[in-house]
Structures are given as structure tokens and as C-alpha cells.
Amino acid sequence: MASNTSQPIDDIPEGYVVCTHDGRKYLVPKFMHEATQQSLDAHQKRLDLGVHTAPGGSGNGVSIPYELLGGKLMIPPDPPLTQRELLGLHAEVKALQERLGISYKDASHRLYMTEIEKLKADETMHKMSATIKGQMQQSLYLFKNADADADTDADADAGGQNS
Numbered sequence: 025m026a027s028n029t030s031q032p033i034d035d036i037p038e039g040y041v042v043c044t045h046d047g048r049k050y051l052v053p054k055f056m057h058e059a060t061q062q063s064l065d066a067h068q069k070r071l072d073l074g075v076h077t078a079p080g081g082s083g084n085g086v087s088i089p090y091e092l093l094g095g096k097l098m099i100p101p102d103p104p105l106t107q108r109e110l111l112g113l114h115a116e117v118k119a120l121q122e123r124l125g126i127s128y129k130d131a132s133h134r135l136y137m138t139e140i141e142k143l144k145a146d147e148t149m150h151k152m153s154a155t156i157k158g159q160m161q162q163s164l165y166l167f168k169n170a171d172a173d174a175d176t177d178a179d180a181d182a183g184g185q186n187s
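Quick note on our numbering: the sequence shown kicks off at 25 and runs consecutively.
Mixed in with the good hints, there may be bad ones.
[To be verified] Simulated crosslink set (DSS-like; lysine-lysine; CA at most 30 Å straight-line):
#1 K118 x K129
#2 K157 x K168
#3 K54 x K157
#4 K142 x K118
#5 K129 x K54
#6 K151 x K168
#7 K54 x K168
#8 K142 x K129
#9 K144 x K157
#10 K144 x K129
#11 K96 x K151
#12 K54 x K96
Please keep in mind that the hints were generated in silico from the structure rather than gathered at the bench.
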């Protein structure tokens, strides 16, 4: 016999909250509550707008201009957004607008600035990785030279004792 695994509202573990959406209750950590609620709101808005997930494959590769240069396929670095991507972004902006009670312009600005911050963080991590890689290569080079010098000194000492 299967046991009832649902918990009453009073029996929520510490550090968790119940997030209700579309008649369903989700138990999520407090630090993820806001992001989860925003994601659920955006999903609901996508459903309301009629944005459906394409079955298999990518719907983003529609009519992207390309060129063949030297036998390589060259696609512009920033191709125009597809209708599906535009509707997805619109749904996110509308969900944020309704959730925070702000204007469409402010909501789109918030999402834009969030993407800018993600790019800055990614760039910083890329630069730090390059710096760390350079320092590691320099350390390995120094260790190899120190090891080679130690071997040379040991050979010289051994050769001097045999004479």
C-alpha cells in the first residue's frame, strides 16, 4: 500500500517555503523562492501567449543568413532573434512587469541589465582563468628548471666524487 507523501502546510522544513502556482504547491528553498516564482510566472505567460516548445531540433535556425568563406560556414555573431525567441522574451518581461507592478520599459530594462551583469561576470571568470593558467604554466616551467638544475648539481657532485 502506498503511503501519503504529501506534507501538511504546517510541516514545512526550516529554510523552505511553499510556492503555489496553477493549483499546485512546490516546496522550494527560501533562497530560490523568488527565482522559482519568476520562472513559473514566465512559464504561465508563455502558455497564455501560445508560445509552444518545438518538438525536437532547434527552431532558432530559421532563415539565418550565412556565407561560405574558405570552405567554412560563417554565421554572423549576432543573428536576428526568431519569432519564438522574441515571444519568449516578451513573456518574461510581461511576467516581471505583473509580478513587480512596474512598467514594461522598467521590466525590460531590468532583464537587459541582468544579462549585462551575467556577461560581465562571465568575462571576469574568463580573464581570471587565463591569468591562473598563465601562472600555473610559469610555475611548472620554474619547477622543471629547478628539477633540471638539481639533477645537474647531483650529477656534478657525483662526478666530482668519482675522480
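Hints versus structure:
1. Between the alpha carbons of K118 and K129 the distance comes to roughly 10 Å, so the proposed pair stays at or under 30 Å and holds.
2. Between the alpha carbons of K157 and K168 the distance comes to roughly 16 Å, so the proposed pair stays at or under 30 Å and holds.
3. In summary, the hint linking K54 to K157 is not supported, as the alpha carbons are separated by about 37 Å, beyond the 30 Å threshold.
4. Our distance criterion of 30 Å between C-alpha atoms is met by K142 and K118, whose separation comes to about 21 Å.
5. For a cut-off of 30 Å, the pair hint linking K129 to K54 stands: about 29 Å separates their Cα positions.
6. Restraint check: the Cα-Cα separation between K151 and K168 comes to about 26 Å, which is no more than 30 Å; the hinted pair holds.
7. Distance check on the hinted pair: K54 and K168 sit about 50 Å apart at the alpha-carbon level, beyond 30 Å; violated.
8. The hinted pair formed by K142 and K129 meets the criterion: a straight-line CA distance of about 20 Å does not exceed 30 Å.
9. A hinted pair counts as satisfied when its Cα atoms are at most 30 Å apart, and K144 with K157 qualifies at roughly 20 Å.
10. Simply put, K144 and K129 have alpha-carbon atoms about 22 Å apart, close enough for the 30 Å limit, and the pair holds.
11. In summary, the hint linking K96 to K151 is supported, as the alpha carbons are separated by about 28 Å, within the 30 Å threshold.
12. Between K54 and K96 the CA atoms are separated by roughly 49 Å; this puts the pair beyond 30 Å, and the hint is violated.
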